[in-house]
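Model the full assembly from the supplied sequences, consistent with the hints where possible.
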Amino acid sequence: KQEVTQIPAALSVPEGENLVLNCSFTDSAIYNLQWFRQDPGKGLTSLLLIQSSQREQTSGRLNASLDKSSGRSTLYIAASQPGDSATYLCAPGYNFNKFYFGSGTKLNVKP
Amino acid sequence: KAGVTQTPRYLIKTRGQQVTLSCSPISGHRSVSWYQQTPGQGLQFLFEYFSETQRNKGNFPGRFSGRQFSNSRSEMNVSTLELGDSALYLCASSLERLAGADTQYFGPGTRLTVL
Numbered sequence: 001k002q003e004v005t006q007i008p009a010a011l012s013v014p015e016g017e018n019l020v021l022n023c024s025f026t027d028s029a030i031y032n033l034q035w036f037r038q039d040p041g042k043g044l045t046s047l048l049l050i051q052s053s054q055r056e057q058t059s060g061r062l063n064a065s066l067d068k069s070s071g072r073s074t075l076y077i078a079a080s081q082p083g084d085s086a087t088y089l090c091a092p093g094y095n096f097n098k099f100y101f102g103s104g105t106k107l108n109v110k111p
Numbered sequence: 001k002a003g004v005t006q007t008p009r010y011l012i013k014t015r016g017q018q019v020t021l022s023c024s025p026i027s028g029h030r031s032v033s034w035y036q037q038t039p040g041q042g043l044q045f046l047f048e049y050f051s052e053t054q055r056n057k058g059n060f061p062g063r064f065s066g067r068q069f070s071n072s073r074s075e076m077n078v079s080t081l082e083l084g085d086s087a088l089y090l091c092a093s094s095l096e097r098l099a100g101a102d103t104q105y106f107g108p109g110t111r112l113t114v115l
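For the protein sequence lines, the chains are U and Y, in the order given. Counting in the working numbering, the first sequence runs without a single skipped number right up to 111 at its last residue. Counting in the working numbering, the second sequence runs without a single skipped number right up to 115 at its last residue.
Heads up, a few of these hints could be off.
Computed cross-link-like contacts, SDA-like style, restricted to lysine to any residue with a CA-CA straight-line distance of at most 20 angstroms [said to hold, decoys possible]:
no.: 1; chain 1: U; residue 1: K106; chain 2: U; residue 2: K68
no.: 2; chain 1: U; residue 1: K68; chain 2: U; residue 2: V20
no.: 3; chain 1: U; residue 1: K68; chain 2: U; residue 2: N18
no.: 4; chain 1: U; residue 1: K98; chain 2: Y; residue 2: K13
no.: 5; chain 1: U; residue 1: K1; chain 2: Y; residue 2: L95
no.: 6; chain 1: U; residue 1: K42; chain 2: Y; residue 2: E82
no.: 7; chain 1: Y; residue 1: K1; chain 2: U; residue 2: T45
If you are wondering where the hints come from, they were derived from the structure by calculation, not from laboratory data. Predicted model, so just to flag it, every value in this text is computed and none were measured.
Have a look at this one:
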């Protein structure tokens with residue numbers, strides 16, 4: 001059974017800091033891996049999708065890396081802002097759009 | 001382009017009842033997936049539909065079922081509701097693909113409370 005672990009579970013940083021969120025997964029037969037953010041009581045917003053053949057994907061202040069063979073992905077957030085406060089979820093994707101989710105990292109960026 | 005819409009947004013039911021939730025995908029998307037989110041178990045995959053066919057199923061009892069219509073809209077049904085079915089039910093849509101995994105676009109969810 002696929003297991004997805006996200007570390008840390010919670011993170012509180014002052015505004016402006018660079019930070020790294022970690023994700024590990026046990027089944028490396030992935031098609032891709034997607035990072036999401038979720039605001040309280042809301043649905044998920046897609047941040048980045050990395051194909052299994054890629055090593056990195058960037059969007060603005062966000063950079064995600066993927067090491068498929070070791071079952072790891074990281075999400076790097078540069079120059080964090082209070083608006084980045086949310087729960088960040090990683091989800092490796094398998095055949096026919098089956099995604100497994102980690103329990104998330106709850107980020108709080110203090111002004 | 002309109003996003004994924006889910007109706008209703010909130011539902012309160014009692015144990016033993018059944019419920020139907022609806023999801024309208026982004027225009028042009030033919031794959032629709034359903035997830036259950038609870039504080040204890042997190043996000044769990046229920047099932048995925050593509051061109052009216054269920055292609056993938058998670059590890060949920062048969063009380064959970066779904067279907068997809070020719071316009072790609074999808075419904076999920078939960079029969080004989082239990083207290084533990086209280087959750088946020090999320091629907092996601094993605095572009096058509098015969099296999100593999102595409103970027104998932106999620107709706108706002110339906111909050112189901114079972115009393």
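When the hints from earlier in the document are held up against this structure, which numbers fail?
1, 3, 4, 5, 6
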